[in-house]
Amino acid sequence: DTAVSQTPKYLVTQMGNDKSIKCEQNLGHDTMYWYKQDSKKFLKIMFSYNNKELIINETVPNRFSPKSPDKAHLNLHINSLELGDSAVYFCASSLFLGGLPYGYTFGSGTRLTVV
Amino acid sequence: GIQVEQSPPDLILQEGANSTLRCNFSDSVNNLQWFHQNPWGQLINLFYIPSGTKQNGRLSATTVATERYSLLYISSSQTTDSGVYFCAVEGLTGGGNKLTFGTGTQLKVEL
Chain A
2 DTAVSQTPKY
12 LVTQMGNDKS
22 IKCEQNLGHD
32 TMYWYKQDSK
42 KFLKIMFSYN
52 NKELIINETV
62 PNRFSPKSPD
72 KAHLNLHINS
82 LELGDSAVYF
92 CASSLFLGGL
102 PYGYTFGSGT
112 RLTVV
Chain B
288 GIQVEQSPPD
298 LILQEGANST
308 LRCNFSDSVN
318 NLQWFHQNPW
328 GQLINLFYIP
338 SGTKQNGRLS
348 ATTVATERYS
358 LLYISSSQTT
368 DSGVYFCAVE
378 GLTGGGNKLT
388 FGTGTQLKVE
398 L
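As they're listed, the protein sequences go chains A and B. Using the numbering used here, the first residue of the first sequence is number 2, and each one after it goes up by one. Using the numbering used here, the first residue of the second sequence is number 288, and each one after it goes up by one.
No lab work stands behind these hints: they were computed from the structure. Bear in mind the structure is a predicted one, so any value in this text is a computation, not a measurement. Do not rely on the hints blindly, as some may be mistaken.
Claimed, not checked - PhoX-like mimics (lysine-lysine), calculated; alpha carbons at most 25 Å apart, straight line:
| hint | chain 1 | residue 1 | chain 2 | residue 2 |
| --- | --- | --- | --- | --- |
| 1 | A | LYS37 | B | LYS385 |
| 2 | A | LYS23 | B | LYS395 |
| 3 | B | LYS395 | A | LYS42 |
| 4 | A | LYS23 | A | LYS37 |
| 5 | A | LYS45 | B | LYS385 |
| 6 | B | LYS385 | A | LYS72 |
| 7 | A | LYS53 | B | LYS385 |
| 8 | A | LYS41 | B | LYS395 |
Unchecked claim - Residues from chain A shown here face chain B by an in silico Cβ test under 7 Å; the list is partial:
| hint | residue |
| --- | --- |
| 9 | TYR11 |
| 10 | LYS42 |
| 11 | LEU44 |
| 12 | MET47 |
| 13 | ILE57 |
| 14 | LEU101 |
| 15 | PHE107 |
| 16 | SER109 |
| 17 | GLY110 |
As the list claims (entries may be wrong) - A short list of chain A residues far from chain B (calculated; beta carbon distances all over 12 Å):
| hint | residue |
| --- | --- |
| 18 | THR14 |
| 19 | GLY29 |
| 20 | ILE46 |
| 21 | GLU59 |
| 22 | LYS68 |
| 23 | GLU83 |
Virtual Cβ for every residue (Gly too), placed ideally from N, Cα, C.
Working from the sequences, and respecting the hints, build out all of it.
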């Protein structure tokens with residue numbers, strides 16, 4: 002199936018731990034993103050990579066570090082997890098053509114709960 | 288940055304009814320998309336519509352870029368239409384495909 006796939010789907014961890022979320026797309030897209038959705042369902046972009054290069058880095062704590070080994074993968078590593086990091090994290094991808102995104106596709110999300 | 292407001296915030300419909308969801312944005316855009324988040328959390332891209340009108344089955348969307356608003360029409364609503372509808376835009380001065388999302392319209396379609 003062509004898709005954006007994220008793992009894990011659920012992640013429950015204690016404060017202070019370090020965790021990673023993985024994302025892979027097989028759509029042939031060249032741009033990938035991480036979004037955070039809070040408990041009120043507000044979606045906000047965190048990072049964007051185009052062909053493995055970081056192009057958007059919103060005001061996100063340094064504890065969050067994205068890594069893109071190739072244009073089909075974008076992982077998110079979070080250090081020293083805090084209660085406020087609890088949220089649903091979405092990976093997405095698109096094709097960057099003429100300065101505009103096409104085929105914007107989201108993964109199914111990773112629900113992170115920090116206890 | 289660009290502001291995106293959606294209305295109404297909540298909407299309850301009887302199955303078969305029609306509805307209109309509105310998205311207002313504060314600046315000129317080169318990208319506007321509508322998404323549906325179903326009750327299981329999956330986000331589905333409905334329309335890419337920075338201007339003009341598009342239709343896909345029972346859904347259609349119109350964006351009047353000069354007046355900075357977009358409308359999403361749902362006709363003959365079904366229970367599977369329930370969920371949250373998001374409008375997302377990228378301003379002309381934005382870069383890197385940065386979409387700014389509105390706060391969404393929570394739709395519930397009842398039998």
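Hint by hint, here is what the structure shows:
1. Restraint check for LYS37(A) and LYS385(B): the C-alpha separation of about 13 Å stays at or below 25 Å, so the hint holds.
2. Restraint check for LYS23(A) and LYS395(B): not satisfied, since their Cα atoms lie roughly 32 Å apart, outside the 25 Å limit.
3. Between the alpha carbons of LYS395(B) and LYS42(A) the distance comes to roughly 16 Å, so the proposed pair stays at or under 25 Å and holds.
4. In summary, the hint linking LYS23(A) to LYS37(A) is supported, as the alpha carbons are separated by about 14 Å, within the 25 Å threshold.
5. For the hint linking LYS45(A) to LYS385(B), the alpha-carbon distance of about 10 Å falls within 25 Å, and the restraint holds.
6. For the hint linking LYS385(B) to LYS72(A), the alpha-carbon distance of about 17 Å falls within 25 Å, and the restraint holds.
7. Between LYS53(A) and LYS385(B) the CA atoms are separated by roughly 16 Å; this keeps the pair inside 25 Å, and the hint holds.
8. Simply put, LYS41(A) and LYS395(B) have alpha-carbon atoms about 17 Å apart, close enough for the 25 Å limit, and the pair holds.
9. Interface restraint check: TYR11(A) against chain B, minimum CB-CB distance 11 Å, threshold 7 Å, status violated.
10. For the restraint placing LYS42(A) at the interface with chain B, the shortest Cβ-Cβ distance is roughly 6 Å, inside the 7 Å limit, so the hint holds.
11. The criterion of a C-beta within 7 Å of any C-beta in chain B is met by LEU44(A), whose closest approach is roughly 4 Å, and the hint holds.
12. At a threshold of 7 Å, the smallest CB-CB gap from MET47(A) to chain B is about 11 Å, leaving the interface hint violated.
13. Among the interface hints, the one on ILE57(A) holds; its C-beta lies about 4 Å from the nearest C-beta in chain B, closer than the 7 Å criterion.
14. A hinted interface residue such as LEU101(A) counts as satisfied when its beta carbon comes closer than 7 Å to some beta carbon of chain B; here the least separation is about 6 Å, so the hint holds.
15. Annotation: interface hint on PHE107(A) holds; nearest CB of chain B at approximately 4 Å, less than 7 Å.
16. Of the supplied interface hints, the one on SER109(A) holds, with its beta-carbon coming within about 6 Å of a beta-carbon of chain B, less than 7 Å.
17. Interface hint at GLY110(A): satisfied, since its Cβ lies 5 Å from the closest Cβ of chain B, which is below the 7 Å cut-off.
18. Distance to chain B confirms THR14(A) as a non-interface residue, since its nearest Cβ pair spans about 19 Å, more than 12 Å.
19. Even its closest Cβ contact with chain B, about 16 Å, leaves GLY29(A) beyond 12 Å, as expected for a residue assigned away from the interface.
20. Under the 12 Å C-beta cut-off, the non-interface status given to ILE46(A) relative to chain B is violated; the minimum distance is some 6 Å.
21. Against chain B, the non-interface label of GLU59(A) is violated: not every CB pair exceeds 12 Å, the least being about 8 Å.
22. For LYS68(A), the condition that its CB be more than 12 Å from all CB atoms of chain B holds, with the nearest at approximately 17 Å.
23. With a least beta-carbon separation of about 23 Å from chain B, GLU83(A) lies farther than 12 Å from that chain, consistent with its non-interface assignment.
In summary, the structure is inconsistent with hints 2, 9, 12, 20 and 21 from the numbered list given earlier, while agreeing with the others.
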